[in-house]
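Just so we're aligned: the sequence shown equals residues 22 to 164 in our numbering.
FYI, nobody ran anything at the bench for these hints, they're computed from the structure.
One or more hints might be untrue.
As the list claims (entries may be wrong) - With a straight-line Cα cutoff of 35 Å, these simulated DSBU-like cross-link-like pairs (lysine-lysine) come out:
(1) Lys66 <-> Lys33
(2) Lys93 <-> Lys47
(3) Lys66 <-> Lys47
(4) Lys93 <-> Lys61
(5) Lys66 <-> Lys27
(6) Lys91 <-> Lys47
(7) Lys91 <-> Lys66
(8) Lys91 <-> Lys61
(9) Lys33 <-> Lys93
(10) Lys47 <-> Lys61
(11) Lys91 <-> Lys27
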Amino acid sequence: MPASVKPIVTRKDQEHAGTGQSGGAKRISGVSPQHTPATKIWFGKVSNEPGYRSLPHHHGEAETGGYVLKGKGRIYWGENYEEFIDMVEGDFVFVPPFMPHVEVNMSTTDELVWMTCRTPDNIVVNLEDVPDETLVGYVPPAR
22 MPASVKPIVT RKDQEHAGTG QSGGAKRISG VSPQHTPATK IWFGKVSNEP GYRSLPHHHG
82 EAETGGYVLK GKGRIYWGEN YEEFIDMVEG DFVFVPPFMP HVEVNMSTTD ELVWMTCRTP
142 DNIVVNLEDV PDETLVGYVP PAR
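Given these sequences and hints, build the entire structure.
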């Protein structure tokens with residue numbers, strides 16, 4: 022990078038929101054090619070309101086690392102999304118490239134916040150939705 026490039030701070034409430042989304046999972050970036058000189062990393066925050074979940078999706082060629090900052094999350098994957106793993110505050114997770122999955126906030130009262138890093142960028146490929154009932158243990162919010 023040229024010598025003129027310097028550290029860039031993305032201030033709270035000034036994150037980049039024009040990024041791939043999937044249903045009830047809201048993504049914003051603090052560091053990304055869209056608004057910083059970064060060229061090989063996407064680092065942001067993903068949040069799910071109480072009881073909400075993402076659509077089934079994958080992240081293309083991107084490797085994904087996540088950290089549960091707040092709340093209780095679950096990731097479903099596998100055939101018919103029958104496999105799952107639960108996570109709580111302080112847990113890290115790795116999601117391989119091209120792996121279809123669903124991210125769920127398992128609490129019906131508290132927000133779920135993930136810090137997420139992807140390389141090379143925030144690729145979000147939404148897939149056909151599945152009925153809530155197919156996700157073992159998931160309780161959707163009252164609508």
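Fill in: 35 Å Cα cutoff - pair Lys66, Lys47
Given that 35 Å is the threshold and the Cα spacing comes to 8 Å, the pair holds.
Worksheet item: Would the pair Lys91 and Lys61 pass a check requiring their Cα atoms to be no farther apart than 35 Å?
Response: Status holds; Cα separation ~26 Å.
Worksheet item: Does Lys93 pair with Lys61 here, judged by a C-alpha cut-off of 35 Å?
Response: holds (29 Å)
Worksheet item: Has the given pair, Lys66 with Lys33, been kept, meaning a C-alpha gap of at most 35 Å?
Response: holds (11 Å)
Discussion item. Just to be careful, I want the Cα atoms of Lys91 and Lys27 compared with a cutoff of 35 Å; is the pair within it?
Written reply: holds (31 Å)
Fill in: 35 Å limit on alpha-carbon distance, applied to hinted pair Lys93 and Lys47
Given pair Lys93, Lys47 holds - Cα atoms ~16 Å apart, limit 35 Å.
Worksheet item: CA of Lys66 to CA of Lys27, is that 35 Å or under?
Response: holds (23 Å)
Discussion item. Holds or violated: Lys47 and Lys61, Cα atoms, limit 35 Å.
Written reply: Judged against 35 Å, a Cα distance of about 22 Å means the pair holds.
Discussion item. Holds or violated: Lys91 and Lys66, Cα atoms, limit 35 Å.
Written reply: holds (11 Å)
Discussion item. Hinted pair, alpha-carbon criterion (35 Å max): Lys91, Lys47. Please report holds or violated.
Written reply: Within the cut-off at roughly 14 Å; holds.
Worksheet item: Does Lys33 pair with Lys93 here, judged by a C-alpha cut-off of 35 Å?
Response: holds (23 Å)
Of the numbered hints listed earlier, not one is contradicted by the structure.
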